[in-house]
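Colleague: Now for the letters of each chain:
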Amino acid sequence: MFFGTTEATAVTYDGTTKLTVITPPHDKGSVDVSVRNPAPDHAEAILSGGFTFEETIAPVPTDFSGRLWNKRAIKLSWTASTVPSQYEIYMGNSSDLDSSEYLGTTAGTEYMFEDLEANRYYYFWLRTINRDGTSKFTACKDNPIYVSSSDITNRPPTATVDTINTRIELAAGRLQIIVGEDLTFWRYPTYEILLDANQRKASEIELLIPSEGIDKNSVTTIQVVGNNFRIDLPLRALRTVEYQEFRRNNAEFYVKWLLTPAPPSYLESLALNLHGYQVVGGFTVLASIQSPVRETGMSLFASDINVGWFQVRSSLTPLRAYGYDSFSRKWTDVTAFVNTVSGLVTTRVGRSDSYIIAGKVN
Amino acid sequence: MTHKKSVKILVSLLIIALLSSVTVSGVGAAETYSGVSYSDSLLQNASFQDIAGHWAQIAIYRAAALGIVRGEGTKFRPNSTASREDVLGTLIRLADLEGAAQNLNVDPKDEAGHLNPWGANYVALAQAMGIITDDERRKTNWQTAATREETAYWMARTLNYLPVYGQAQQAIYGFSDWRSFTKSRIPYCEAIIGAQIMNGTGGKFNPQKAITRAELAAVLDKASQVYLPSKGYRNLQGTIGNTSFVGGLPGVTNNHYQVVQDDGQSFFMMVDSGRDFLVCKNRSIGKSSFLNTGDNVKVMIGPNREIILVEATSGMQSFLDGVLDYLDLSGNRLYVTGWDGKNYIYPLSPLCKVNLSGYPARLNDLIAGQQVSLFLNGTQVSEIRSAVTYPSSGALPREANSAYGSLFRKSTDELSIRDDNGRPFTYALTSDTRYYVNGLSASYYDLKIGDYLKLTLDNNRKIVRVDVRRDDAGYKIYLARMYDINSVFGEIRFDSVSGYQSGNLTGLGTDSLVLSAAQDMEAFVGNRKLSLLELEKYRGDYAYFVTARRGDQERVVRLVVREDTERKVTGKVQEVNGTLNSLTIKYEPDRLYYDSGTIVVRDNRLIDGDAINSGDDVVVFAERESDNSLRARLIVINSPETESRYSLYRGYLRDVLDRSRFEIGSASRMEDNKWRGDYSYNDFYYDYQTRFLYADSDGVERFGDSGFYNDDEDYEGLDVYIIAEGDRALAVIILDGIRFTSESISRGRITAITADDMELGNVSNWSSYSESWSTPGGDLRLKLKYAVAVRNGRGQDPSTLNVGDPVYLLRASVNGVSGDEYASLILVE
Numbered sequence: 223m224f225f226g227t228t229e230a231t232a233v234t235y236d237g238t239t240k241l242t243v244i245t246p247p248h249d250k251g252s253v254d255v256s257v258r259n260p261a262p263d264h265a266e267a268i269l270s271g272g273f274t275f276e277e278t279i280a281p282v283p284t285d286f287s288g289r290l291w292n293k294r295a296i297k298l299s300w301t302a303s304t305v306p307s308q309y310e311i312y313m314g315n316s317s318d319l320d321s322s323e324y325l326g327t328t329a330g331t332e333y334m335f336e337d338l339e340a341n342r343y344y345y346f347w348l349r350t351i352n353r354d355g356t357s358k359f360t361a362c363k364d365n366p367i368y369v370s371s372s373d374i375t376n377r378p379p380t381a382t383v384d385t386i387n388t389r390i391e392l393a394a395g396r397l398q399i400i401v402g403e404d405l406t407f408w409r410y411p412t413y414e415i416l417l418d419a420n421q422r423k424a425s426e427i428e429l430l431i432p433s434e435g436i437d438k439n440s441v442t443t444i445q446v447v448g449n450n451f452r453i454d455l456p457l458r459a460l461r462t463v464e465y466q467e468f469r470r471n472n473a474e475f476y477v478k479w480l481l482t483p484a485p486p487s488y489l490e491s492l493a494l495n496l497h498g499y500q501v502v503g504g505f506t507v508l509a510s511i512q513s514p515v516r517e518t519g520m521s522l523f524a525s526d527i528n529v530g531w532f533q534v535r536s537s538l539t540p541l542r543a544y545g546y547d548s549f550s551r552k553w554t555d556v557t558a559f560v561n562t563v564s565g566l567v568t569t570r571v572g573r574s575d576s577y578i579i580a581g582k583v584n
Numbered sequence: 047m048t049h050k051k052s053v054k055i056l057v058s059l060l061i062i063a064l065l066s067s068v069t070v071s072g073v074g075a076a077e078t079y080s081g082v083s084y085s086d087s088l089l090q091n092a093s094f095q096d097i098a099g100h101w102a103q104i105a106i107y108r109a110a111a112l113g114i115v116r117g118e119g120t121k122f123r124p125n126s127t128a129s130r131e132d133v134l135g136t137l138i139r140l141a142d143l144e145g146a147a148q149n150l151n152v153d154p155k156d157e158a159g160h161l162n163p164w165g166a167n168y169v170a171l172a173q174a175m176g177i178i179t180d181d182e183r184r185k186t187n188w189q190t191a192a193t194r195e196e197t198a199y200w201m202a203r204t205l206n207y208l209p210v211y212g213q214a215q216q217a218i219y220g221f222s223d224w225r226s227f228t229k230s231r232i233p234y235c236e237a238i239i240g241a242q243i244m245n246g247t248g249g250k251f252n253p254q255k256a257i258t259r260a261e262l263a264a265v266l267d268k269a270s271q272v273y274l275p276s277k278g279y280r281n282l283q284g285t286i287g288n289t290s291f292v293g294g295l296p297g298v299t300n301n302h303y304q305v306v307q308d309d310g311q312s313f314f315m316m317v318d319s320g321r322d323f324l325v326c327k328n329r330s331i332g333k334s335s336f337l338n339t340g341d342n343v344k345v346m347i348g349p350n351r352e353i354i355l356v357e358a359t360s361g362m363q364s365f366l367d368g369v370l371d372y373l374d375l376s377g378n379r380l381y382v383t384g385w386d387g388k389n390y391i392y393p394l395s396p397l398c399k400v401n402l403s404g405y406p407a408r409l410n411d412l413i414a415g416q417q418v419s420l421f422l423n424g425t426q427v428s429e430i431r432s433a434v435t436y437p438s439s440g441a442l443p444r445e446a447n448s449a450y451g452s453l454f455r456k457s458t459d460e461l462s463i464r465d466d467n468g469r470p471f472t473y474a475l476t477s478d479t480r481y482y483v484n485g486l487s488a489s490y491y492d493l494k495i496g497d498y499l500k501l502t503l504d505n506n507r508k509i510v511r512v513d514v515r516r517d518d519a520g521y522k523i524y525l526a527r528m529y530d531i532n533s534v535f536g537e538i539r540f541d542s543v544s545g546y547q548s549g550n551l552t553g554l555g556t557d558s559l560v561l562s563a564a565q566d567m568e569a570f571v572g573n574r575k576l577s578l579l580e581l582e583k584y585r586g587d588y589a590y591f592v593t594a595r596r597g598d599q600e601r602v603v604r605l606v607v608r609e610d611t612e613r614k615v616t617g618k619v620q621e622v623n624g625t626l627n628s629l630t631i632k633y634e635p636d637r638l639y640y641d642s643g644t645i646v647v648r649d650n651r652l653i654d655g656d657a658i659n660s661g662d663d664v665v666v667f668a669e670r671e672s673d674n675s676l677r678a679r680l681i682v683i684n685s686p687e688t689e690s691r692y693s694l695y696r697g698y699l700r701d702v703l704d705r706s707r708f709e710i711g712s713a714s715r716m717e718d719n720k721w722r723g724d725y726s727y728n729d730f731y732y733d734y735q736t737r738f739l740y741a742d743s744d745g746v747e748r749f750g751d752s753g754f755y756n757d758d759e760d761y762e763g764l765d766v767y768i769i770a771e772g773d774r775a776l777a778v779i780i781l782d783g784i785r786f787t788s789e790s791i792s793r794g795r796i797t798a799i800t801a802d803d804m805e806l807g808n809v810s811n812w813s814s815y816s817e818s819w820s821t822p823g824g825d826l827r828l829k830l831k832y833a834v835a836v837r838n839g840r841g842q843d844p845s846t847l848n849v850g851d852p853v854y855l856l857r858a859s860v861n862g863v864s865g866d867e868y869a870s871l872i873l874v875e
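In order, the protein sequences belong to chains A and B.
Residue numbers for the first sequence follow this note's numbering, so the first one is 223 and each next one is one higher.
Residue numbers for the second sequence follow this note's numbering, so the first one is 47 and each next one is one higher.
Hints should not be assumed to be uniformly reliable.
[To be verified] Below are the BS3-like pairs computed for lysine-lysine, each with C-alpha atoms no more than 27 angstroms apart in a straight line:
1. B:Lys829 <-> A:Lys250
2. B:Lys831 <-> A:Lys478
3. A:Lys582 <-> A:Lys552
4. A:Lys358 <-> B:Lys831
[Said to hold, decoys possible] Quick list of simulated restraints, FRET-style, between CB atoms:
5. A:Tyr488 <-> B:Gln565: 49 to 59 angstroms
6. B:Gly772 <-> A:Glu332: 39 to 49 angstroms
7. A:Asn420 <-> B:Gly549: 33 to 43 angstroms
8. B:Pro635 <-> A:Ser316: 31 to 41 angstroms
9. A:Pro281 <-> B:Ser712: 29 to 39 angstroms
10. B:Asn506 <-> A:Arg377: 44 to 54 angstroms
Derived by calculation from the structure, the hints in this document are not laboratory data.
In this text, a Cβ means the ideal position worked out from N, Cα and C, and glycines have one as well.
Required output: the full structure, derived from the provided sequences and hints.
Modeller: This is the structure in structure tokens:
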């Protein structure tokens, strides 16, 4: 008994006028039905277009199996159903199908389950789904699959975002230093950030200091030295009023501390206010506190920060550093130390502001 | 005596020297351009008497100013046809090949056939360039009119436009009469039409029709806009800010015009007795003396920094009334909400006048929230008028204040936005805050991360009103090769196009794609921002880009150039650090860095990298940098998007309390796509809008609130499924002897629907183990027998669903029986 060219799965002889036949799996469409007598007769009768196969619910695969795979997953596999369909996989931690939950759908014949936890039993079920509906569930032959902790040691590694070590980036002349969280446990007086030759050339520098370090460490001073500058930033200087206010509403954040050369136009306008002096250079310090959602300025520091600025040696001596107080409209001398040999003028920086380095005109 | 005279001379020389040094210092700071010495003859060439009011008038002026059209006498005859030799001549002049043509030796016999004195030379050059054959040269009547097709073909050849073959041929087939083109010329005509130099009318190109002289001028004008920038020509725009005369030697006047551009930068146009330039203002042509302070000008500048033509408009162009939101003096911009409810941003003219209650005032006197009338000249604001309504200046009431930025974090009591400079701000919401999307009333749930917001704030910096400016439709993500970039028309031509579809970049059927750049398009290479002109350098490179529908067109809104390598990483974000701009993905041993150039897409919004959360399910396209780090170029987030105004419950109906209230027991609630909790008893309100469905082994019944109340005793103790908004039940399923089994959550778009079942396309299923949506592909067919739906805050029967609706639903088998799969609770998103 043939349907098209495929032989019937089973034929039962029910008398001279009747055969009971189970049709073979077959693609959709009409086929000829042919009945052939056994040997030696081989007489044949054909009914052309006698049977039409229609798509049905896909029979569920019978060889659904699973095993641990490469210490990171359970790999489930099965052979494809004879009718095109997708496969839905359900999973549970007990043998009760009712308590299982949907895991995933695939059109392929395997599925990787990667979210493994140690010391657990896993049960899997599979069913087919297509336009005509869903099949019955079939349980995985290997149910339950037990995952022990030794089964999943040495999994593939996952990278971590390194916030522990200090990271330095140089882009377009600006040096960005994200101070690492190792600052928190630094018990030495200075936390020195070493720069390479390229980084030392930068004229703008941005320091991002983690709040945890500021909170838990009050003894350390951050030190950065470049070709144009030298920063000695005691952490306690950052515990300002604004900082403590910000700390109340925000968990983890950074203090951004920026040092840039002062714009020449600003220096010029300042020079007009400072009679009898010639301005030879200057810098601007800007500090702010930023969390992912908020940013607020920081004006007065809790103590002085020493900022050294290397100045091209000038004939004007002595060089001094000045800050301008716009409230009292007075210039104050904020010089900490002047090295006349190297040209380093160290300034006591008490707030976010611009500072000038000037010499008296004789 | 002689001594005295020499002193006098010295003094006057000194004054001249001083004056000229003043001129130099005043002007030298900015770009300076000057007129041309032959401005008189140019003006004469361009002063046609018969083009006043003609549609091609400006184009004719431009062509004349460029010297492409000349020697025509006092009449241009715009509506007569252009002869073949003239068309060739103008094209050769545009390509700057006239010198070559004039140097050719021409047989005097050949000159007989030409009216144009150089006609024979033009034709000879065309033959030498291989544009025409010797046969054509001899047999063609060069004095008769050229066809439009000939013009396009010759133009492509003289200006070296490469022929377009194969699938890239698109533009020409848009014309219904494309069959009338000569076949061999189609690839060349395609290049010209594709570059938008020539176009048709009424869907026809009329290739065999004679071209009129006005059409020719218009075509030359467009061609020059595309062709000349590559030859060093530039167009600048701005407002005349200042004019001043500087007297030099006797009889010599120097005049310079300061032009302030939209970004606040200035350049100067110099005029002296020997050099001047053409000015076209109010549809008439003249010289620099036409210009006045306050005129809005478009300046065409030649490769030798000479001014070729200035197009000026003067006076008020348009007018806008509204409320001042914000004055950005450093950015030279004004933010205004018009009475139509839309937000406008305008650059200020350098001469912007402010007038308060009839008195002159300064920009600083304006306050946010004030009603203003803006007078616009070109794109710039030339005058602001308003009235002083507050009792005294000094301490001004700040009643209204606005903040602009893109939303990157939201919670029920706060919104965090990032302004245009990338700084984060957080503002508090109140219970009275109103929400508008594109001017229409909306709700908190309509705000999506990545939306561009305008927040109106009260005195306490709390949000009174949220306005969302949103692109008309969804974003599409592509990877393609940039085959051609035309910065003049803001157009990018792509080939080898792949589109992003469920985690993959798959090749699209169409091989080439032509898209316009949106006004606010941002293009990057690495984290460096590029203008469209700079992007031209990357022709031939691949780029990831995102498009949105703006107006009636799909436009490119963001683009990042891809380098040589490409790596795809998929998985769940393990850790994000906004300060370090990097993230890690589970089982991926490399950290992924992102930057301002990285395209990040979630929920059909462009967001910034800092808005990625750990736990997000991402697809990352990255490349390996020279320092061996992985840099993400495109990140697509398949977010769980758990936030919904509706919640789903299940339990048993414990008691119908009264006509508007019932109580359920053993309630669990859908949270993060999973049934959670045992909320013991839960009260719900119901009303005439609540839909009920009762199902038992005999069938199903649908009814309203009175049906439910009248049969309440029959229903008590039965299992119920509920869609609720707050504590208001919108739709309820009551199951009698029927059990939903193997439940799962799916979402997708309805592709077909009948009374009995519906089909979903683009289906994704929620897997609670991997906590992500997986998209197996293919359709899903669900029976609607046991389904209820909710749309726009109202319970509905599933028959009201439409094809195209995006749905989120709970599906299940019934009583553990295989076969049909049923939808139960359906939310239209």
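Colleague: Give a verdict on every hint.
Modeller: Do the hints match the structure? See the list:
Taking the CA atoms of B:Lys829 and A:Lys250, the gap is about 23 angstroms. The hint holds against a cut of 27 angstroms. Annotation: proposed proximity of B:Lys831 to A:Lys478 is violated, straight-line Cα distance about 61 angstroms (limit 27 angstroms). A C-alpha spacing of about 17 angstroms is found between A:Lys582 and A:Lys552, which places the hinted pair at or below 27 angstroms, so the restraint holds. Among the hinted pairs, A:Lys358 with B:Lys831 is consistent with the structure: their alpha-carbon atoms are about 20 angstroms apart, no more than 27 angstroms.
For A:Tyr488 paired with B:Gln565, a C-beta distance near 35 angstroms fails the hint of 49 to 59 angstroms. For B:Gly772 paired with A:Glu332, a C-beta distance near 45 angstroms keeps the hint of 39 to 49 angstroms intact. Hint check: A:Asn420 to B:Gly549, Cβ distance near 40 angstroms, so the stated range 33 to 43 angstroms holds. Between B:Pro635 and A:Ser316 the CB atoms are about 35 angstroms apart, so this pair conforms to the stated range of 31 to 41 angstroms.
The beta-carbon spacing between A:Pro281 and B:Ser712, approximately 37 angstroms, falls within the hinted interval of 29 to 39 angstroms. Range check, B:Asn506 to A:Arg377: about 52 angstroms between beta-carbon atoms, so the 44 to 54 angstroms window is met.
Violated hints, listed in ascending order, are 2 and 5; each of the other numbered hints is respected by the structure.
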